[in-house]
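Novice: Residue numbers (my numbering), protein chains in the order written: chain A, 1 to 161; chain B, 1 to 161; chain C, 1 to 161; chain D, 1 to 161; chain E, 1 to 161; chain F, 1 to 161.
Any given hint might turn out to be false.
Since the list gives no way to pick out one identical chain from another, each pair is judged satisfied if it fits inside one copy or across any two copies.
BS3-like, lysine-lysine: derived pairs with alpha carbons at most 27 Å apart [said to hold, decoys possible]:
1) K28 / K56
2) K56 / K25
3) K28 / K55
4) K55 / K24
5) K56 / K6
6) K111 / K25
7) K149 / K24
8) K149 / K28
9) K6 / K55
10) K55 / K154
Just so you know, these hints were derived from the structure itself, not from any lab.
Number of protein chains: 6
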Amino acid sequence: MEKDNKLSHLDENNNPSMVDVSDKKVTKRVAVAQSVVQLTEGIVSVLQNKEINLKKGPVFQTAIIAGTMAAKNTSNLIPLCHPLGLESCNISISVEGLNATIICECSITSKTGVEMEALTGASIAALTIYDMCKAMSHDIVINETKLIKKTGGKSDYRNSY
Amino acid sequence: MEKDNKLSHLDENNNPSMVDVSDKKVTKRVAVAQSVVQLTEGIVSVLQNKEINLKKGPVFQTAIIAGTMAAKNTSNLIPLCHPLGLESCNISISVEGLNATIICECSITSKTGVEMEALTGASIAALTIYDMCKAMSHDIVINETKLIKKTGGKSDYRNSY
Amino acid sequence: MEKDNKLSHLDENNNPSMVDVSDKKVTKRVAVAQSVVQLTEGIVSVLQNKEINLKKGPVFQTAIIAGTMAAKNTSNLIPLCHPLGLESCNISISVEGLNATIICECSITSKTGVEMEALTGASIAALTIYDMCKAMSHDIVINETKLIKKTGGKSDYRNSY
Amino acid sequence: MEKDNKLSHLDENNNPSMVDVSDKKVTKRVAVAQSVVQLTEGIVSVLQNKEINLKKGPVFQTAIIAGTMAAKNTSNLIPLCHPLGLESCNISISVEGLNATIICECSITSKTGVEMEALTGASIAALTIYDMCKAMSHDIVINETKLIKKTGGKSDYRNSY
Amino acid sequence: MEKDNKLSHLDENNNPSMVDVSDKKVTKRVAVAQSVVQLTEGIVSVLQNKEINLKKGPVFQTAIIAGTMAAKNTSNLIPLCHPLGLESCNISISVEGLNATIICECSITSKTGVEMEALTGASIAALTIYDMCKAMSHDIVINETKLIKKTGGKSDYRNSY
Amino acid sequence: MEKDNKLSHLDENNNPSMVDVSDKKVTKRVAVAQSVVQLTEGIVSVLQNKEINLKKGPVFQTAIIAGTMAAKNTSNLIPLCHPLGLESCNISISVEGLNATIICECSITSKTGVEMEALTGASIAALTIYDMCKAMSHDIVINETKLIKKTGGKSDYRNSY
C-alpha cells in the first residue's frame, strides 16, 4: 500500500527537514509495533528454568523499562521526529520456541502519530534483551521490527502480512 | 557457541546490576553489527531515481548521523551498559534489491567491548530510514539486526550464519 | 490517608507500565515538594560569613538551576513518568540552624500531576548543595524529601505531619 | 570531620566552576551511599503480600534500573560534576518495618571520586519507589540520603553516625 | 526597542526562576533566527569545488540535522526555557563569499514563543559546520547570531538593523 | 593558516563519519574559546545598577552553569564529536560597554582536543544571557564566537586576529 510518492522529510532543496504539523488536527492516535528477538536454546532454557524461574522476570522487566524510556525519548533519537508527550506506553514480551516477541503500544492525543515511538520502544527493548543475554551467546538476532497497526491519523494502517 | 551458562547482568538476588569491569584489562576492542531495512519498490525507486538521485544522499546521511549519535549514547539507552568514550564509529549503507543494509563499526580502547554500541548504531540508523520513508509506505520491516564480529575482548566472535 | 489498594504502575502481569492518562481531564495542576539538607557548622559559617557573604548566592543559585533543569527532565529520570511541558518551576532555599530547606513548586495544565517533578527538582537541588559543599565535609545528610501539597487532580493533598 | 575551609566549586570571583582534576592521580575509587524511603503500612503490606508477592520485584527492579541509569548520568544532573565512565554500579533494596533502605555502590578507576554518583543513584531509586507507590499514598518521605563510605581518594571516609 | 525594564527570569529575591506561563494564551508562534559562519578561502573552495561538489551536501546536512535536534532540545540546554513540543523546524544554509548564513525557522502552537529554539538551532548548526571544517583551519568565526523576526506572542518583532 | 586540504569528517564516500582517534597519543589538551554578547543600553544599565547590583550575579552565574553543562555534553550536540571526560571547564564573563565577553577554557588528558567543547560552552553561555535578558529587548546579537588558542594536539593554535 503506497501512500504517496514523495519523502516528506526532505524539503524542496532535498535537505532534511521536520514536517510542519502546525495545521493538522489534534486526534487520539495509537500505534502498535513489534520486534522479535531470536534467542539460543541455552538462553531460553536459563530464562525458563523452573528452579530459577525468576530470571525471566528481571530480564524482561529491564527490557520493558528501557523500551518505555526510549519511546518517551524518541524525538532525541530520530532526528526529524516531533517531540511528543506520550500518554501511554505498554510493552509486553512473550516467548515461543526460541523467539521472544516484544509488543509495544503507544498512544497520544496530538497532531502527529506515534508509530516511531512504538517502533523505538520495541527496538530498544529488543536490544536490552540482547545485552542481558549476550554473556551466554552472541548468536542472537533481532528480526521483524515492524508496525502492526496505527489508528487516529489521516489513514489507519494494519499490517497485512 | 554458548559461552557461559549464566546471565551476567543479574546479581545473586536476581536483581539487574552492571557488571563490575574494574579489574578487566584495557585493550583495543572493535565490533561490527548490521541491520537490514526491507523497503518497498516504490521507496527504492524514489531513492534510486536517476533524475532525482540526490534523495538517497540526505536520507542515508540522516540515518548515519542518527546512528552515530545513538552509538555514542548507548549507555543512556541500554540500562546496564557501561558509559564509554567511543574512539570511532563508521556507518555505511548499501541497497540491493529492496534491502538497505546498514553496517556499523565501533572501536574503543577500554575495559569492555562495544558490541551494544555497534548494534544500537545500526538499529537507530534503521529506524531513521523507516521514519524518512514512512510517508510512502508503512510496509517497511527491519530484519537481521545482529553482531557480525567483535575482537579485542576475552574471546573474539565472528557470526557464522 | 491511603487512596487505593493497588500499585497503578504495574499491569495485570505485574510488569511495569506507564499509566494510560489519555482519558483524563486537562486541568491546572500544582505541586509543592521539599527537601532538607542538614549541613555542618563549618559549612554554614562559610555560607553565611558576612565578609564573604556572596558564597551563599552562587551555591544556592547553582542548586536552583540544577533543580529546575531536573524538574523539566523528570520523565527521563523516573521510568514511568509521563513527559510533560512544565509551565512553571520555582525553587527557593532558606537556612535555619544547620538546615537548608528547599521548596520546589511546579505547575502545569495537563492530564496528569507534577508531584514527581516537584520532588525531583527538590532532590537534585539538594544533591547539588551537597556537591558544592562536600569539599568541606561529607557529613551532610538529606532528609524529609516529601510532598507538601498538590492541587488540581482527582483529589487534593496536603501533608498533615 | 571538617576537611577544608573553602568551597572548591567557586572560583576566585565566587563564580561556579568545575574543579580542575587534570593533575590528580588515577586510582580506583569506591563510594557507597544510602537513601531510606519511609512507606506506609498499606504500601508495605501490598509489597510484601504473600499471595501477590511478585509486586516487590518489579517495583524494586524498576527503582534499581532508574538509579543505575541516573548514577551513570550524574554529570548531566549535578552541574559541576565531572563526566565519568562508571565501572560498576550495584543497588540493593531491603525492607524493615516501614522503611525501604537503598544502598548504592559505585566504583571507577579515575582522577576523581564517585560519591555524587552513588548519592544520585540512591536518590533516583528512592524517587522511583515513591512514584510507583504514590497511587496508594502520598505520605511517603525520603530520609537519610547520605554517604556511607568512600575509598581511593585523597582521604577515605566512613560515616560515623 | 526596549520592552520592559526588568529581567523576567529573576524572582523577587534575584534568584533564577522559570517564568510562569500558565495563564498565557495558546497561540501559533513563529520565530526566525540566523547565524553566520565566516569560513576561510580554502574551506569554501573545497566545499564548492565542482569536481567534488558533493562535499557541501553532507557538511550542511549534518549541520541541519544537528541544529534541528538542538532546537527540539533547547529546554535541556538553556536553564529557564520551557519544555515545548516544536511543530516545525526548518534550517537552510547559503554561502556567499566566505560566509555561510544559517536561517532557522521554528513554529509552535503554545503559551510561549520559540525564539530561543530558533537561536539554538542556528547556533548548533553553526558549531557543527565549524567542527566539520576545522581540520582545514581553526580561523573560523561565528557572527551575527540574532533573531530575525518573531510573531504570535504579546508583540511581534522584526529585526531592524 | 590552512592545515590540510580535506574535510576529515567525511569518509571516502563523502558520508559523515567520526574520525578514528584510536591510534592517537594521549596528551593534555587545553582549548580556550570566546563568544561576545552585544547587549542594549537598557540591559547593561539594569545589570550594572548599583542599587540592584546583584542582578548581574544570577544572570551570569546561570550562563556559566549552562555553558559548563553544555561543554560536558558537547558530543550529544555536535554529531561527530567524540565523547570525552572533561577534566576542567572554567567560564568567565566580563562587561565592557555594551559587550559581555564570555571566555570558556576546557582541558582534558585524551587522544583528541576540546576546542568544540570550549566553543559550545561559550555559545550556550551566550544564548543563556540572551534568554535571561530578552524580556527587555530582542536586539541582542552574539558575535565573534571563535577559538582563542589550543595546545596539546598535533599543532598548537593561537588566534592571530
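Novice: Please go over all the hints and tell whether each is borne out by the structure.
Specialist: The hints, checked one at a time:
1. Taking the shortest Cα distances, K28 and K56 never come within 27 Å of each other, neither inside one copy (34 Å) nor across copies (33 Å).
2. Proximity of K56 to K25 under the C-alpha cut-off of 27 Å is found in neither arrangement, the shortest distances being 42 Å within a copy and 31 Å between copies.
3. Taking identical chains as interchangeable, the C-alpha atoms of K28 and K55 are never at most 27 Å apart, the minima being 37 Å within one chain and 31 Å between chains.
4. In this assembly of identical chains, the alpha carbons of K55 and K24 lie at most 27 Å apart only when taken from different copies (26 Å versus 46 Å within one copy).
5. Taking the shortest Cα distances, K56 and K6 sit within 27 Å of each other only across copies (12 Å), while inside one copy they are farther apart (44 Å).
6. In this assembly of identical chains, the alpha carbons of K111 and K25 lie at most 27 Å apart whether taken from the same copy (5 Å) or from different copies (18 Å).
7. Proximity of K149 to K24 under the C-alpha cut-off of 27 Å is found in both arrangements, the shortest distances being 20 Å within a copy and 24 Å between copies.
8. Taking the closest pair of Cα atoms, K149 and K28 come within 27 Å of each other only inside a single copy of the chain (14 Å); across copies the shortest separation is 31 Å, beyond that limit.
9. In this assembly of identical chains, K6 and K55 lie within 27 Å of each other by CA distance solely across copies; the values are 10 Å between and 47 Å within a copy.
10. Taking the shortest Cα distances, K55 and K154 sit within 27 Å of each other only across copies (25 Å), while inside one copy they are farther apart (43 Å).
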